[in-house]
Amino acid sequence: MNPDVAVFLQQLINGLSLGMMYALLALGFTMVYGIIELINFAHFNVFMASTFFGLWFLAFLGYGRNAAPLSGITLAVVFVGAFAVTMLSAGVLGALIERVCLKPLRGISGTAPMITTIGVSLILQSLILYATNFANNVPFPSLIPNERWSVLGSTVEITLKNVLLWTAAIVLMVILDYFVRRTWLGKAMRATAQDSEAARMMGIRIDVIILLTFFIGSALAGAAALIFGVYYGLTSYIVGYLAGLRAFTAAVLGGIGNIPGAVLGGLVIGFVESLSGQFIGNSWSDVVIFSILILVLVFRPNGLVGMQRPQRA
Amino acid sequence: MRMFLGRRMATSFIAGLALVASAAPAAAPIVSAQSEVPSSIVLGINLSFTGADAADAANIRDGALMAIDEINAQGGIAGQVMIQPLLKDDGTVAAGQYDPAQAATNTKQFVAEDDVMAVVGPMMSGAGKAMAPIASAADLLLITPSSTNPDITDPTFASQYRPNGKPIYFRTVTTDAYQGPYMANYAAETLGIKSVYILDDTGAYGEGIANSFEGQAKAKGVNVLGHDKLNPKESDYTTILTKIKAMNPDALYYGGVQQAGLKLAKQANDVMPNLPKMGGDGMYGVAFPQDAGPAAENWFATIAAPDTIDEPVAQDWVARYQAKFGASPQDYALTMYDAVMVVNDTVSRLISDGMPITRENVRDYAQQTNLPTLQGVISFDANGDLKDKIISVFQVKDGKYQYKGSAPQT
Chain A
1 MNPDVAVFLQ QLINGLSLGM MYALLALGFT MVYGIIELIN FAHFNVFMAS
51 TFFGLWFLAF LGYGRNAAPL SGITLAVVFV GAFAVTMLSA GVLGALIERV
101 CLKPLRGISG TAPMITTIGV SLILQSLILY ATNFANNVPF PSLIPNERWS
151 VLGSTVEITL KNVLLWTAAI VLMVILDYFV RRTWLGKAMR ATAQDSEAAR
201 MMGIRIDVII LLTFFIGSAL AGAAALIFGV YYGLTSYIVG YLAGLRAFTA
251 AVLGGIGNIP GAVLGGLVIG FVESLSGQFI GNSWSDVVIF SILILVLVFR
301 PNGLVGMQRP QRA
Chain B
1 MRMFLGRRMA TSFIAGLALV ASAAPAAAPI VSAQSEVPSS IVLGINLSFT
51 GADAADAANI RDGALMAIDE INAQGGIAGQ VMIQPLLKDD GTVAAGQYDP
101 AQAATNTKQF VAEDDVMAVV GPMMSGAGKA MAPIASAADL LLITPSSTNP
151 DITDPTFASQ YRPNGKPIYF RTVTTDAYQG PYMANYAAET LGIKSVYILD
201 DTGAYGEGIA NSFEGQAKAK GVNVLGHDKL NPKESDYTTI LTKIKAMNPD
251 ALYYGGVQQA GLKLAKQAND VMPNLPKMGG DGMYGVAFPQ DAGPAAENWF
301 ATIAAPDTID EPVAQDWVAR YQAKFGASPQ DYALTMYDAV MVVNDTVSRL
351 ISDGMPITRE NVRDYAQQTN LPTLQGVISF DANGDLKDKI ISVFQVKDGK
401 YQYKGSAPQT
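One line per chain: the protein sequences are A and B, in this order. Counting along the first sequence from 1, when you hit position 304 you're at 304 in my numbering, and nothing is skipped either side. Counting along the second sequence from 1, when you hit position 119 you're at 119 in my numbering, and nothing is skipped either side.
Simulated from the structure, these hints should not be mistaken for laboratory data. Among the hints, erroneous ones may be present.
[What the hints assert, rightly or not] Going by beta-carbon spacing under 7 Å, a handful of chain A positions derived as facing chain B:
1. Gln11
2. Asn66
3. Phe134
4. Ile238
5. Ser283
Quick reminder that beta carbons are idealized off the backbone N, C-alpha and C, glycines included.
With the sequences and hints as input, model every part of the structure.
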């Protein structure tokens, strides 16, 4: 295979992994916005805190920083367990933030709720910093064996990490899609997004739906967090900011409030990041990403997919 | 850490008082008191206790505290002047590592406190660049145990870093003007590397050492395939590493500190496990082999000093350090110990000459230092740089830095 083609394909693989992570994170922004039209900046650091939840859970199971890689059934069980616990704790954290900090502000117009989420975000960051005794770059155990396969006998490589990451992300997105479109609660959620007053009159308990939305969005951030930790082998109290900002961009790119749009936006951002790193320069990735954001906002203010009400959830 | 916070608050209070006091004309020196020796002086210690370099900061701090305890146990400098340490942290949560703005604030506080006669530190060149001009305006002596960016002491930048004219930034290590190039010599001569890709972390130290490595590598005929920058707050370096892998270099050189370095090591191990990887003293740290685990293996790192702690002559010192702190010192803990010893020597020469202990005199006398220490004789050139220029090379093996010898000077 032509080496230029090979490196292009390899960057697409990198971009897909990044994009899946941004997509999972973007879903949380977009779902919350869809329901209560709030940009939830606490989401950045719910993600960051969740990387530590995953790390602590693995340490609790006895997999410290120097744990040997796992294989077969053990790997599957530990990972499903870690996903369940991390997503659950992230979801509870998100729901708690909604109940304690945002519900009292319901109905207040203006920027107060948004500013509150920024404050919550900073508080979470400080709490994690204290909880980790001011550590930076906390290592994750390398539990996934460093297995890799060449694509079509070329230099392009797919690692086991890539495969697990994609599988986890796709499974979660399929479940979310089913939940939103086919279940009674999903229907209630969509109804609330379309018209919360009418939904209330139909007997839907809006507060429960909002709480549920925060729970699900944060749980997806928890999944992204565990994937992040496993993929990079490190976490730190500062990881929420850049990842969160790009995921937020992804949500806006896809049309904020639009679930398929968030996934599409995440993938676009992931590919743009890896390809611009290859062909323009590492230092220019953010410039390219945010330039695209500005162009989309100027020419398609509703995002790539749009914000049509009926699709919102 | 909590102790420092308390101390810092106390210091700001004192600094505030000192500001008020210095506004009054009574603060002018009293001539008759000149020959009187004070019972104590304050020695500032400025390191990066918060963020990615915290473990090394603690290791280096202990070198200073050990020196101070040993001097005070003998009744102080020349048996008369006790040393009171005053610790300040230039690392911030927001930066995740050293923060130049915090370093500047700390320096202003040191300057405002009249009893501070000298400061040991900073650890990082990015902090040093912020501190030097402020210290220069007050003729306050800074002795760094580990900051190696050459610009700070380079006379070309004198108007920037020593506006008052006299050098105030002294070092007990040499600079990246030697660290980068000598490592390039080592790569080309000893390792036989023909092509290299260079990365840096955009910090003052990282850019400086990467540029000086690049210059000498080119002079040695090594093909520099590219030089790119890493954002230390970024999580993903796989993109740039994939790009580098496709170019197929013989080695990767990284100029920078741990915040980006640890992430780079982890991901480089995923993308290119067998590529030789090299760094400067930013990759020489107590936490690196532990945190990076297998990803740290075979990394080369240098320090801008002789590898004294592995020498037989230093074993008694190493044993004292271990007994006191229950941890093994790095070479930069020893250069910190030496920095305090330079202050000790300077002040005791002032006392024996009957000179008053003022910041100006401390600076002037430090310039004439000729002090035998474990790392060799410490004496400074006209810019405050160490006259000895030795770069030691290490490689991580089984989670430990293994000394590979000193890097070739040509």
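Okay, the hints, checked on the actual structure:
1. Look at Gln11 of chain A: its Cβ gets to within about 6 Å of chain B, closer than 7 Å, so that hint holds up.
2. The interface hint given for Asn66 of chain A is met, as the beta carbon of that residue sits about 6 Å from the closest beta carbon of chain B, less than 7 Å.
3. A distance limit of 7 Å between C-beta atoms decides the matter here; for Phe134 of chain A the minimum to chain B is near 6 Å, and the interface restraint holds.
4. This hint holds: Ile238 of chain A has a C-beta 5 Å from the nearest C-beta of chain B, less than the 7 Å allowed.
5. Given hint, Ser283 of chain A at the interface with chain B, holds; its Cβ is 5 Å from that chain's nearest Cβ, closer than 7 Å.
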